[in-house]
Amino acid sequence: MPPAPSSWTWKASILVSDPRNDGIAGEWFRPGSSAAITAQLAVRDEYGLIVDENGHELARDWLTDLNVSARIGSVARRITFRDNSVFETTDNDGVDAMLARAGSKTGSWVHRAEAFHPRLIVFMAVGVLLVVAIYKWALPALVELAVAVTPPVVPQIMSVATLKSLDRAMFHESKLADEAKKRLSDGFADLVEHSPPGTANYTLNFRGGGLLGPNALALPDGTLVITDELVDMASGDTELLLGVLGHEIGHVEHEHSLRQLYRAAGVAGLIMIIGGDVGSGMEDILVEGGGLLSLSFSRNAEAEADRHSVELMARAGYDPVAIARFFELIEKKLGDKGRTSMLSTHPGTPERRQAVLDHAGSLATAKDKPGADQVR
Amino acid sequence: MDLQANVDEPVANPEHRLSFAGSGREYFGIWIVNILLTIVTLGIYSAWAKVRRMRYFYGNTMLMERGFEYHARPLQILIGRIVVFAFLALYNAALNFIPVYGLAIGLPAFLLAMPWFIMRGLRFRARVTSYRNVRFNFTGGYWGALKAFVLGGILSFVSLGIFLPVASRWTWKYVTGNLHYGGRDFAADPRLKAMYQVWGLAAAILFAALIIFIGVAALSSGLLMQLFQGDFDTDDIPVGIIAIIYLSTFVLLIAYGIAGLFYSAGIRNVVMTATAFDGRHRLVSDMPRFRYTWIAITNLVATILTFGLLRPWAAVRLHRYVVEHTALVADGPIEAYMSEIEDEGGAAGAEFMDVEGIDIGF
Numbered sequence: 001m002p003p004a005p006s007s008w009t010w011k012a013s014i015l016v017s018d019p020r021n022d023g024i025a026g027e028w029f030r031p032g033s034s035a036a037i038t039a040q041l042a043v044r045d046e047y048g049l050i051v052d053e054n055g056h057e058l059a060r061d062w063l064t065d066l067n068v069s070a071r072i073g074s075v076a077r078r079i080t081f082r083d084n085s086v087f088e089t090t091d092n093d094g095v096d097a098m099l100a101r102a103g104s105k106t107g108s109w110v111h112r113a114e115a116f117h118p119r120l121i122v123f124m125a126v127g128v129l130l131v132v133a134i135y136k137w138a139l140p141a142l143v144e145l146a147v148a149v150t151p152p153v154v155p156q157i158m159s160v161a162t163l164k165s166l167d168r169a170m171f172h173e174s175k176l177a178d179e180a181k182k183r184l185s186d187g188f189a190d191l192v193e194h195s196p197p198g199t200a201n202y203t204l205n206f207r208g209g210g211l212l213g214p215n216a217l218a219l220p221d222g223t224l225v226i227t228d229e230l231v232d233m234a235s236g237d238t239e240l241l242l243g244v245l246g247h248e249i250g251h252v253e254h255e256h257s258l259r260q261l262y263r264a265a266g267v268a269g270l271i272m273i274i275g276g277d278v279g280s281g282m283e284d285i286l287v288e289g290g291g292l293l294s295l296s297f298s299r300n301a302e303a304e305a306d307r308h309s310v311e312l313m314a315r316a317g318y319d320p321v322a323i324a325r326f327f328e329l330i331e332k333k334l335g336d337k338g339r340t341s342m343l344s345t346h347p348g349t350p351e352r353r354q355a356v357l358d359h360a361g362s363l364a365t366a367k368d369k370p371g372a373d374q375v376r
Numbered sequence: 001m002d003l004q005a006n007v008d009e010p011v012a013n014p015e016h017r018l019s020f021a022g023s024g025r026e027y028f029g030i031w032i033v034n035i036l037l038t039i040v041t042l043g044i045y046s047a048w049a050k051v052r053r054m055r056y057f058y059g060n061t062m063l064m065e066r067g068f069e070y071h072a073r074p075l076q077i078l079i080g081r082i083v084v085f086a087f088l089a090l091y092n093a094a095l096n097f098i099p100v101y102g103l104a105i106g107l108p109a110f111l112l113a114m115p116w117f118i119m120r121g122l123r124f125r126a127r128v129t130s131y132r133n134v135r136f137n138f139t140g141g142y143w144g145a146l147k148a149f150v151l152g153g154i155l156s157f158v159s160l161g162i163f164l165p166v167a168s169r170w171t172w173k174y175v176t177g178n179l180h181y182g183g184r185d186f187a188a189d190p191r192l193k194a195m196y197q198v199w200g201l202a203a204a205i206l207f208a209a210l211i212i213f214i215g216v217a218a219l220s221s222g223l224l225m226q227l228f229q230g231d232f233d234t235d236d237i238p239v240g241i242i243a244i245i246y247l248s249t250f251v252l253l254i255a256y257g258i259a260g261l262f263y264s265a266g267i268r269n270v271v272m273t274a275t276a277f278d279g280r281h282r283l284v285s286d287m288p289r290f291r292y293t294w295i296a297i298t299n300l301v302a303t304i305l306t307f308g309l310l311r312p313w314a315a316v317r318l319h320r321y322v323v324e325h326t327a328l329v330a331d332g333p334i335e336a337y338m339s340e341i342e343d344e345g346g347a348a349g350a351e352f353m354d355v356e357g358i359d360i361g362f
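First to last, the protein sequences are chains A and B. Quick note: the first sequence, position 257, residue 257 per my numbering, numbers continuous. Quick note: the second sequence, position 343, residue 343 per my numbering, numbers continuous.
To be clear, the hints were calculated from the coordinates, so they are not data collected in a lab. Quantities reported herein were computed from a predicted structural model and do not represent experimental measurements. No false leads were slipped in.
Simulated DEER-style distance windows between Cβ atoms: (1) Gly-260/B <-> Glu-229/A: 41 to 49 Å; (2) Ala-138/A <-> Ile-244/B: 36 to 44 Å; (3) Pro-151/A <-> Ala-104/B: 21 to 29 Å; (4) Glu-229/A <-> Tyr-246/B: 29 to 37 Å; (5) Asp-167/A <-> Thr-139/B: 47 to 55 Å; (6) Tyr-246/B <-> Asp-358/A: 29 to 37 Å; (7) Tyr-196/B <-> Asn-215/A: 44 to 52 Å; (8) Asp-237/A <-> Gly-260/B: 51 to 59 Å; (9) Thr-203/A <-> Thr-306/B: 52 to 60 Å; (10) Ala-93/B <-> Ser-185/A: 31 to 39 Å.
Residues from chain A that keep clear of chain B, each with C-beta distances beyond 12 Å, as calculated: (11) Leu-99; (12) Ala-177; (13) Leu-184; (14) Gly-187; (15) Leu-212; (16) His-254; (17) Ala-301; (18) Thr-345.
Ideal Cβ positions, reconstructed from N, Cα and C, are used throughout, including at glycine.
Work the whole structure out from these sequences, hints included.
As structure tokens, then:
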């Protein structure tokens, strides 16, 4: 039986008090109108109809054509008819019973899960575990994936633009003697030769440091810059400077800048997604917390680059712990004896020196061992 | 006393106060299921989660015994989120992959795109909101948003906050003056003087904190100088001084947060109370600023101390407080209104506002 036209003008007396079809009490609104009409929603066979207090029919549709809003807490339900008239009721159970009778399987399992019940504790535990798992495993995996699919042109653009802007804002031309430059460049060529042939195209550039002072920096495509002030500070110890360059090569080799970038983006994305549910104050705190965590990542990267310097220098036949001399130098000259702090990008200098010596020591014993076995 | 005068006085217009029918207990389940399903679906459910959250808060916000409705569909929200994520990813890629030059091009582009997002966001938010089956509408344009949000932001930034109330007034006039319900208009004309009074208290809080901070910094750096007269050795800095420096910075940040809460609550009071609907009904906001700030701060502390567990309770607590200090003073009977049927448009603007933390609206 087809439904009658669901126009409010169509009036027919209906026995709403029929015990089988106990109507759901609520209010009915004409399409787009704010005038509420007290009415009941009754179910007849396969269709639902709205009748006013006098038993006049206001709207009618197949049950399957009704658009029923999902159940959330005890918020009033909206049932929209095809003519855009709306029936609103707080009788959520009545609506669910009607939907069940209409054979609707979409019943609100989400709503049932949301009920206040001890099972919510389990949900919480699972939620915490999943966040930890995502942070520990999924995020690093995604970072690796992003690094892998980044075309080499990206680090190239990054490097060219950074060097250009640094040249404009900070650096000036190097006043280093050609002889000193040549010594460093030759040593640098040695280091590059002993680095795995990767995508990086290593070049060494000399600049006056300006505001940056004694410094060396690596751009992600393998462009390295060493400042005159640093060379002067080493007072002729080329090997020490090569140790520092080995450290910078380590940053390039391990793609630290891209990794750090993607990691920060991943953490920001993670916070953004659950942001609406944790509140703006908490979101700010999470962002700051993410910043602290990225500092710890930065300190790890520095330590990794230090170890790279030790290994690379050893491979190229230089003193593996030359970079330790550099740390000693800045401890003396700059008075930098600070401990590692949660708020710094680099580990404390004395600690770094010790870590370098330890790493060199463990490498030496590892190398000795196979030999010792052969003797025995 | 002249008793006759009382007889002639017009009957006070009825005040309809808003109320909130939800509870922290009920919201807790919705909240935790939202988060869990969002994680399990790698973020996709967040759009559905948002619709459930918004419907819960709107639907329980009652005016004259009827709740508001939030009509956005999850798929709209999801598409909006994807658009915003793509935009922000592009912007950040430009910023990071092309240092300096990316910023030189990206920042102006961002500032020019922002008003468009905000305009569309306000429109979407209004159009997916209904009360008594009638939708709200927003008709603000691009240039108004540019003035209210970008120029206003720049103005208050370069004036170190002195012109902040002027910027706030632009913002609220734009947001409220372009809002409609059932074809009738809202209009706000807050007085700048009242806004500056609100600003005065917030500025005083910040100023006092700044004085304390500078005092502590000067004192501790003086102590440091004395220590360094002979030997320059960072190991000698007493831990106490470092702790004081960190602590005073922390206090400054807290003071900034408190001043912000005071300001936003006070401005809401001034603006809403100066807002009229349909030229005759008035809105009222009478939130005590101290209590509002207290609730916001204790909420945050409770949320942190319980690792987020009390967040649903906190969210309901603050929302209820704001809602219960909002009222409509009706001038005469409230007639029936008809919805203007308008296309909602995409949700990208509204999602952009969410992500950027632009929280404007009633």
